[in-house]
Amino acid sequence: MGWLFARKKKVPQVPFPEKVAADEKALKFPTRAASSGRVIEPGKIKEVAGVEQAPVQAPITSFPPLPKEEKSFFGKPHLQEFSPGGFEEARLPPSPPKPQELYVKLDVYRRIILERDSVKERLNNLFEVNKVLETSEYNEESNFSRLKRSMTMLHNNLLEIDKIMFKSQGD
Amino acid sequence: MEKMPVFIKVEEYNSVLELMNVVKKKLDEAKSILLRINDLKNEEDHQLELWQNALAEVEKKIDFIDQSLAEPEQY
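Quick mapping for you: the protein sequence lines, in order, are chains U and X. Residue numbers are given in my numbering: position 72 of the first sequence equals residue 72, and the series is strictly consecutive. Residue numbers are given in my numbering: position 22 of the second sequence equals residue 22, and the series is strictly consecutive.
These are calculated hints, taken from the structure and not from any lab test. All figures in this text were calculated on a predicted structure; none of them were measured in a lab. Mixed in with the good hints there might be a few duds.
Said to hold, decoys possible - Below 35 angstroms or equal to it, Euclidean Cα-Cα: the simulated DSBU-like pairs (lysine-lysine) are:
1) U:Lys120 x X:Lys41
2) X:Lys31 x U:Lys105
3) X:Lys9 x U:Lys105
4) X:Lys31 x X:Lys41
5) U:Lys105 x X:Lys60
6) X:Lys25 x U:Lys131
7) U:Lys105 x X:Lys26
8) X:Lys60 x U:Lys120
9) U:Lys163 x X:Lys61
10) X:Lys25 x U:Lys105
11) X:Lys60 x U:Lys167
12) X:Lys9 x U:Lys120
13) X:Lys24 x U:Lys163
14) U:Lys131 x U:Lys105
15) X:Lys24 x X:Lys9
16) X:Lys26 x U:Lys131
17) U:Lys167 x X:Lys61
18) X:Lys26 x X:Lys41
19) U:Lys105 x X:Lys3
20) U:Lys131 x X:Lys31
21) X:Lys3 x U:Lys148
22) X:Lys3 x X:Lys26
23) X:Lys3 x X:Lys25
24) U:Lys131 x X:Lys60
25) U:Lys120 x X:Lys61
26) X:Lys25 x U:Lys120
27) X:Lys41 x U:Lys148
28) U:Lys105 x X:Lys41
29) X:Lys3 x U:Lys167
30) U:Lys148 x X:Lys25
31) U:Lys148 x U:Lys167
32) U:Lys148 x X:Lys31
33) U:Lys131 x X:Lys41
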């Protein structure tokens, strides 16, 4: 047994790992030097874009848009709302809500009036037709009552004939 | 000078639109009621036709009874 423990096993010497800084692999923001080719500084935007000076604001000379003319009368949105303020109104602070207004072209307005008169006339005709129908229904009802009465009388007469004809046979 | 378009101002535009919606709903209602009345009228016509056929049949039978009672030798 002595030979078993007499010789000491030689373990190869492994070098210890060097001490690494704890924040070496920590997340870092890229430095400017590393990405200087891609980053555009805020002050250089105009130069990169090729604009030397700031654009001069053009004076407002256009007029506010007029409402569009619509062809269809009963279409869905046939008239646009007209805002007389235009650009000037857009700069003002929001005003309290006004009642909705609509601007209709004169010929369209005339046609609306004509159509309204026509609808009123049609409705008056329909009222007349209603009166006729009511009378007709009344007549129909009275005729139906007369028909029922005559049928009842006919049935009674038949019963009477039956009684007369078969009375003698029964007796 | 070009002919300039003239516009008429319609106030309370929203109220007009709401009223138009009500009118359209009433029109739909009237249309459906008219369809129902038409169905009822068709049913009524059918029943009247049945009445007419039944009356014609009764008339024939009454005629037969009448003739057989009036001229019994022929039957």
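Q.
Please list, smallest to largest, the hint numbers that this structure does not respect.
A. Numbers 5, 8, 13, 14, 21, 22, 23, 24, 25, 28, 29, 30 - these are the hints that the structure violates, sorted from lowest upward.
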